[in-house]
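Number of protein chains: 2
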Amino acid sequence: MQRDTRQRRAIRRVFANAGRPLTPDEVLEHGQRIVPSLGLATVYRNVKALADDGWLSQVELPGGGLRYELAERPHHHHFLCRSCDLAFDVHKCPDEVEELAPEGFEVDGHELILFGRCAECR
Amino acid sequence: MQRDTRQRRAIRRVFANAGRPLTPDEVLEHGQRIVPSLGLATVYRNVKALADDGWLSQVELPGGGLRYELAERPHHHHFLCRSCDLAFDVHKCPDEVEELAPEGFEVDGHELILFGRCAECR
DNA sequence: GAAGAGATGAGAATTAATTATCATTATAGC
DNA sequence: GCTATAATGATAATTAATTCTCATCTCTTC
Chain A
1 MQRDTRQRRA IRRVFANAGR PLTPDEVLEH GQRIVPSLGL ATVYRNVKAL ADDGWLSQVE
61 LPGGGLRYEL AERPHHHHFL CRSCDLAFDV HKCPDEVEEL APEGFEVDGH ELILFGRCAE
121 CR
Chain B
1 MQRDTRQRRA IRRVFANAGR PLTPDEVLEH GQRIVPSLGL ATVYRNVKAL ADDGWLSQVE
61 LPGGGLRYEL AERPHHHHFL CRSCDLAFDV HKCPDEVEEL APEGFEVDGH ELILFGRCAE
121 CR
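For the protein sequence lines, the chains are A and B, in the order given. The numbering used here numbers the first residue of the first sequence as 1 and each following residue consecutively. The numbering used here numbers the first residue of the second sequence as 1 and each following residue consecutively.
No lab work stands behind these hints: they were computed from the structure. Any given hint could turn out to be false.
No copy labels: a pair is met if it fits in one copy or bridges any two.
Straight-line alpha carbon distances no greater than 16 Å define the calculated EDC-like cross-link-like pairs of lysine to aspartate or glutamate that follow [as the list claims (entries may be wrong)]:
no.	residue 1	residue 2
1	K92	E103
2	K48	E69
3	K48	E60
4	K48	E26
5	K48	D25
Full structure from sequences and hints, please.
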């Protein structure tokens with residue numbers, strides 16, 4: 001059976017408060033403010049388990065590793081800051097993007113990434 | 001001074017014929033049909049040099065390493081096949097995407113990636 | 001509060017992509 | 001054709017992300 005540990009609760013709380021995709025390192029950093037002893041392996045284990053459970057989903061953005069975000073959220077896209085490398089949510093989506101594919105291609109999803117500098121970094 | 005080697009010519013030809021972004025491994029594979037002795041290190045070196053010269057540009061798509069494509073091309077986007085993992089060009093672009101960013105964010109570029117199955121894989 | 005079993009944490013191991021090393025080869029300029 | 005020197009190819013080394021190992025800890029249940 002699966003146990004409800006301090007660590008897992010902390011990791012869930014980190015995502016619930018984040019409102020944007022997080023890398024495992026970011027989860028570690030924020031999680032250690034709640035459970036200081038939290039280790040990176042535990043973050044990887046739990047993030048993976050939460051994704052398997054369908055509570056988190058993977059976000060693959062250019063440059064480096066996977067990020068994770070809460071799964072049950074309305075369709076949205078991402079903004080990647082070139083300065084601080086944080087990812088942010090973009091809640092608007094251009095319509096009918098999936099119509100743009102070449103003839104004969106079957107589209108089952110899309111990702112739109114805006115690049116630039118976030119409000120903090122400007 | 002920079003020399004015009006068989007290997008570099010082959011790599012340039014591979015990109016000129018590709019019409020889509022290529023990984024270093026793909027460049028190696030196609031390049032070896034022209035120069036069979038071509039090595040992976042040479043591909044990395046030349047691809048990097050050609051990118052520094054502005055002849056190639058880097059394309060970062062989800063999942064794994066960098067890809068490269070001819071630099072001087074009209075604005076376009078990419079389709080990533082979930083089955084064969086090849087990247088293809090998409091020549092249409094939804095208008096005004098960069099307007100979608102949150103208040104206070106400065107956008108200087110964007111990437112739209114369509115996911116699905118390419119014509120071959122269907 | 002004791003016992004069993006899943007979870008943790010620290011660091012080692014793995015993996016994949018990329019870069020460095022270095023003896024050998026091939027190109028550009030004479 | 002000859003020379004010097006940049007480029008190559010094979011492989012080792014590096015790097016960063018992720019996973020594994022295992023002794024220890026701590027939930028859960030009784």
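| request: Just pull the numbers of the violated hints for me, sorted ascending. | output: Failing hints: none at all.
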